[in-house]
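Colleague: Spelled out from the first residue to the last, the chains are:
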Amino acid sequence: MDFFLEVLTGGLLAGVMYSLVAIGFVLIYKASGVFNFAQGAMVLFAALTFVSLWEHGIPFWGAFVMTLLSMLALAWGVERVVLRPLVNRPPITLFMATLGLSYVIEGLAQLLWGSQVHGLELGISDEPLEVGGMLVSQFDLFAAGVAGVLVLILSLLFNKTRIGITLRAVADDQLAALAVGIRLERIWMIVWAVAGFVGLVAGLLWGARLGVQFSLSLVVLKALPVLIIGGFTSVGGAIVGGLIIGASEKLAEIYLGPLIGGGIENWFPYVLALLFLLVRPSGIFGERAIERV
Amino acid sequence: MLYRESGQFNTSYRADQRWFRLWQQRWVFATWMILAFVVVPLIGNDYWLNAILIPFLVLSLAGLGLNLLTGYAGQISLGSAAFMAIGAFATYNFQLRIEGMPLLISLFLGGLTAAGAGVVFGLPSLRIKGFYLLVSTLAAQFFVTWILTQCGWFSNYNASGVITAPPLVVLGQNISSPAGRYLLTLSVAFVLFWLARNIVHGELGRRWMAVRDMDTAAAVIGIPILQTKLLAFAISSFVLGIAGALWAFAYLGTVEPHGFDLSRSFQILFIIIIGGMGSILGSFLGAAFIVLLPILLSNLSATFLAGWVDPGQLENLQKIIFGALIIFFLIKEPQGLARLLEIVRQRARVWPLRF
Amino acid sequence: MFSFKKRAALIGVLALGMVATVQAANEQYFPLQSYRVGPYAAGGTGFFGGFIDYLQYVNLKEGGVNGVKFTWSECETEYVVEKGVECYERLKKGLNGAPAAATNPLSVGIAYATLERSAADKLPLITINHGRTDSTDGSVFPYVFPLQLNPYSEVSAIINYIGQQAGGLDKIKGKKIVTLYHGSPYGKETNPILELLAKKYGFELTLLEVPHPGNEQQSQWLNIRRIKPDWVILRGWGVMNPVALKTAQKTGFPADHIIGNIWSNSEEDAAPAGAAAKGFISITTHPSGTNFPVLQDIGNTVIKAGKGNLKDSKRFGTVYYNLGVVNGILNVEAVRVAQAKFGKRPLTGEEVRWGFENIRLDDVRLKQLGAYGLVQPLKLSCSDHEGGGAVRFQQWDGKKWQVVSDWVQADRKLLRPIIEESSHQYAKEKGITPRDCAKES
Amino acid sequence: MVDNTFPHQLLHQAATQPALVALRHKYLGIWHQQSWRELSDEVGSLARALAELGLGQGDTLVLLTYPRREALLLSMAAQWLGAIAAPVDPDLDKDTLALLLSHLQSRFVFAEGQDQVGQALLHGATRVVYAEARGMTAYSHENLHAYIELVQTDTKGVHPLMAREQDVAFALYRITDEQQVQVEHFRHVELLQEGRHLVLTERLGQREEAFAARVFATSGHLRYLLSPWLTAGFTLNFPENIVTRDADRRELGPTLVVGTRETYQRLESLVKARLPIAGSYVGRFVTYALQSDGSRFQKLLAYWLIKRPLKDVIGFSHIHLPLLIGPALSQESLHFFRSLGIHIRTWDKIANWRTLSATTSNKLLAETQTDSIKRALS
Amino acid sequence: MTAHAPLLELQHISLSFKGIKAITDISFAVQQGEICALIGPNGAGKSSLLNVINGVYQPDEGVISFNSKSYSRMKAHQAAVQGIARTFQNIALFKGMSVLDNVLTGRNLKVRSNWLEQMLNSGRAPADYVSQRIKAEEVIDFLRINQWRNSIVGTLPYGLQKRVELARALASEPRLLLLDEPMAGMNNEEKAEMSAFILDTQREFGTTVVLIEHDIGVVMNLSGHVVVLDYGKKVGDGTPDEVRHNPEVIAAYLGTKH
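Respectively, the protein sequence lines represent chains S, Y, F, X and H.
If you read the first sequence in the numbering used here, its first letter stands for residue 1, the second for the next number, and so on.
If you read the second sequence in the numbering used here, its first letter stands for residue 1001, the second for the next number, and so on.
If you read the third sequence in the numbering used here, its first letter stands for residue 2001, the second for the next number, and so on.
If you read the fourth sequence in the numbering used here, its first letter stands for residue 3001, the second for the next number, and so on.
If you read the fifth sequence in the numbering used here, its first letter stands for residue 4001, the second for the next number, and so on.
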């Protein structure tokens, strides 16, 4: 029985890692209705920039700030070049633009920092802790803690600060926000920058887990089912969605896997998300879109 | 501008239905066909046939398949590579397990199997719309690659799950030579493009476009949404299936499920974005662009700047160029190259006047 | 109209590129389908760096082989099959008149795709340490050479090593071994052999697949924790290896009971896992490090002279780099052997093929090449395109690989019938009449 | 010599070249064609139907219609019976039209659609034929006849041809500023003579493709379009409607275009408005090309790059005779068209309008008929 | 009012969106060949009622009977098959297609050949296409939009798009035509023209028309039967004159408190 618990906690903690990436999606979707497929590439870009700077001898926090500045620049560039000309285009076009964007960022990252594999040591030893007969990885706990702090900061930002309120206004109705005089471009840049920050945090944690290299950007494929279940518009939903996906994925692999040949982690989350969708076509937390004729 | 079109008018609705109204257009099309069917196999060297023309034809066929589904019926899909994989493995098994099965029949049956799978993964499209449809097709993408590697039966228990092309024999002729494979791909592509053109200009094409533009209005005027969407998935997967089979047998010769992974689906989606959504010619132009640009880039760099840009950096540069082009097209001309060509043609038609 | 103009311009450029200068250079050409970008860039840059540096070294030190200099040109494949095929088609004709000697794609997918074309174009396809195991049988696969080690020998050598550690092959009866393999043709290739060996020696085998790209292995390693095996054989590639080591540490499995195969044995596989990799064992056909005469020579004549292909000089002497050098040694040796028979001039693919089949690398010859200890004694023939089949084992001490064993031979007698049965089935399927090797050698 | 009237010419053409296309008009998206044989049969059955309605020698059939195929056939059917066809332009403003119609008091009217039928019934029309069925249910008037009914009456033999060359074929009416009604009469013989004159001088064959947006607008149309059409036997083409005439002309590529001064002026202004703006590079190149002087190479370039495509855009690629009827075009416009290689030929004849006092119109009509009968008898 | 059964009859229809009462207990009948106008202030539930008739919304209670067959759950597809066609308040045309294609799509229920025959251009397809095309061209000619036959709908001005939408509705030869503010945003001359088209449609093809219109002048001379709605309730039903003098209607329009 405690093996089941162990798998469950391992799954939940892994789920937290997925929701880290998913939060980046939610932020951008909430504020600009853009389904940003380039979030994975941004995670790769952030991690690669940080590691390369760190290896060139710049201290940890120095590298962190410089990477953050580069994410800000990236956000400004994306808003200026991609978002502004595509302002009221159908969501499908915007989605495809972010597809193109992910190619650009991946190419840029590898052009600047080369395609070597970098180890990333955050100083957290990964010796598993003995907790009630179960092995729980220290690293994952740390990651869960970081995620919790992040969600706290974001909810504070969204609810308490002035920028937060404007962000939520833009999320609800862009036209109304414009009418009230909110400068849409600035808001979008802020949102993409915040998403860049979340991407950096996710990049560091995922980078420490996998080593910083190209396949970091594939982590976006894990985030998609999380968003489907959690809904695109709520940060809390992203966390819950991540936990559900993480746990169910691991349990399915261990209990269902051997029966049908193993290696089902790629498609199982999508099938699960699909079942959720058939029940609620816009996710647990997402608002139900009313079909206007 | 180049040719005079006055004096050619239609006296019957059948004449009005023809693809090309002007005899000059028909002549240009005929010369293209002669060039493709007769001249190229004669003068084409191995490199041109194997490495450029065959992949171009197969990718334009795949582009056509996805264009029918996303360009015309408006159902976005990231699972096109999965349907190609099903087509390839089904054709391989039909060819292998049934003695003396002619290649073309097994190609057709492979397409049908892919169409069946297309319908299955198309079912959710009735209940969910837009983004969420991505999930159903992505599920198809990952599930199919998994099932093909998992069950040995599909690859005839080959230890590493790789299928190799059987000797290609059509009507008794062995066509394994590059020119032979090229002609096989070309004729299959020609037939499918012709049929697709007829569908798109017929009632079904209009229903697809109606569902694409405004499905609530389509339902109100009596279009059976269920049947229309499933037909879109079925026909699109049929074409993709055959493209997949040609990719495995006519182009590479051997293929593994990972040859049809997500980046292949992205590639096909890029083909129709750059080529032109909702245009038969668009799939051609997009495929030509996607196949020729990397080769052009690497050749240019190999000959001119061989010294200081090493191939690795060039690959990154090319990735950036591709991404930038996608964004450029989406901003400047969402309907892609086909629309640009159309604007040039319209401008030439009223030359020297401005409109 | 529009696309016709584009096509015409392209033909012009291509023709220009092809023709260039057609002077009858006295050069032997190596087409390189290299990959320096994408998920497997680490392997590509190291291997092709080593290979090019060795060719450079032979050109600089001995002016090529008997006066025939080596030339090469690279074409980026990004480890993608159709790009590999396109590069093969473009480069197989040679460069400025220099005929191609052999192709070294270092990718299972590309090897499979160009296998038949190599036979048709009569150009040897070298898949050192990997590729189709049944291509060892030269009678059916005349133009394919899985030099030094094929996947079946690799796995059999590992089992022999586990037997050694347990004090004899009979002792491993009842032990539990898990094989964690990459969900691709390369990964699945050896599963049947493992099952055969498990039946033969009576150990309990579990096969766990890691879906590509292998970013997430928590569930596999939790399974391993439940099985509590004695040994884990890791047949990984790319990102899968460091993730395996880190997840092993996370689930409390000792790193020194994990044995990596030939494609999980480089510094780039262990270093990113940091502390979790300490004690990790892996097999290798060539030790890392530079204390071999040939490598010192390369260091002095090529690297110090600034002609090294490596962008990051710290990778000189790493496992991939040395594999590239070993591959260079074997290719050049084949050319040298072929020139002895066919004359001191640029050779065609067919002649180089004969050269490969008559490579005799005994200890004396290895000492002359300065590669004693780096390369195992090899004896290739028409029927045996592998030649070696032995490996050494090395352990990662946190910074470098330390060799911890002598050559461990695979059980080739057991494997031969399986190889032949598989190659004959391929011959029947493809309608190839196997060559009669008896009268050839 | 074949009897010198429009219906006779029609029968002559139907006999000599029955299968050739006489009429072509664009309707419902495609071009419908009618051969000479079919045309003469239809006119024949129309004549018989009109005779049954009581249309006889000397009566007037008012054609209150926009340019339409049915109007042309009805006018020939009326002439077949010796009656006069009097086309009236429905675009005239309300009261001039009312004055004209009340003046004419014609019993037989062809009214195209709902509005024209209303106006005709107001002014004493007893026999009204209509073409467009729309809105007809509102007029449940017993002597209202659909054109299709007339044509479909079963063929009980052919009505004898009553037309004589001295009969008045057409009568054009207009209202002068002082509310005076003026009329111009055209006899068969004059029209055919003018038509033959044009056919000979311009060497018009039977393979011509004539294109005209309006058929009855002016006397020039009757003289230099209808009568040459019947004498030479070429094809007369109608556009789908007034608005689509430019596109239809381009689609057709006619060899003979008939138009008034306004037609050509409208065409010229349309082209000039759409030519590239003078300042731009292209604009400069176009103006440079359209000048007549310059080297051989410049002429060649101008022809292939500008003149040839421009002629094709306005549908003049196959033009053999761009005919202008009525008052001539200004020199400057003529020069413009000549620079495009289009040499407009002007045919004009001074119209002899005779003013009728408001009361005497009917009497005069009767009188012209009587002296025509007298002349026929003498 | 001939005595035989009305073409369309609504009995006690009510509809609510999660508590908000859009329509409460409305019943009225429309005779065959009649032009009936639904008028009332904004938000009176006119559009929702139209959507109920043609099956876009399903009413909470009440029965719709059309052509003497009654439905409580009318589906959009069912309505179309029965011969109910409609236009929308903010134009629901297929922007990516040409005018001709839009009108031909209107006729999709009348197409007899299936997609296979059309693909191979064999069997019933060629003749079927010609007959569909002629019917469509007749409607295009009827509404005088043949000049824009091949232009893409998205590029046409607003007034023209309204006409194309009417053409698409007419193409399906409906028995009942529902028009949702056909003349919204038009100038007087365009309004006159559109009224003429509606009158002709009713006279020419005998189609029963139910339209929503704000311009009382147009309503009065166009329709023989007027139904007035206010806050989802029916406050007036009868000939234009009866309705004009009905106190409740005046109150609704002049906005005296209830």
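The set of hints was computed from the structure by calculation and includes no laboratory data.
Just to be clear, a hint being listed does not mean it is correct.
Calculated pairs, DSS-like style, for lysine-lysine (alpha carbon to alpha carbon, straight line, at most 27 Å) [what the hints assert, rightly or not]:
no.: 1; chain 1: S; residue 1: K30; chain 2: Y; residue 2: K1129
no.: 2; chain 1: X; residue 1: K3094; chain 2: H; residue 2: K4191
no.: 3; chain 1: S; residue 1: K30; chain 2: Y; residue 2: K1332
no.: 4; chain 1: H; residue 1: K4095; chain 2: Y; residue 2: K1332
no.: 5; chain 1: H; residue 1: K4095; chain 2: Y; residue 2: K1129
no.: 6; chain 1: F; residue 1: K2093; chain 2: F; residue 2: K2171
no.: 7; chain 1: H; residue 1: K4075; chain 2: Y; residue 2: K1129
Colleague: Which of the numbered hints above does this structure break?
Modeller: 6
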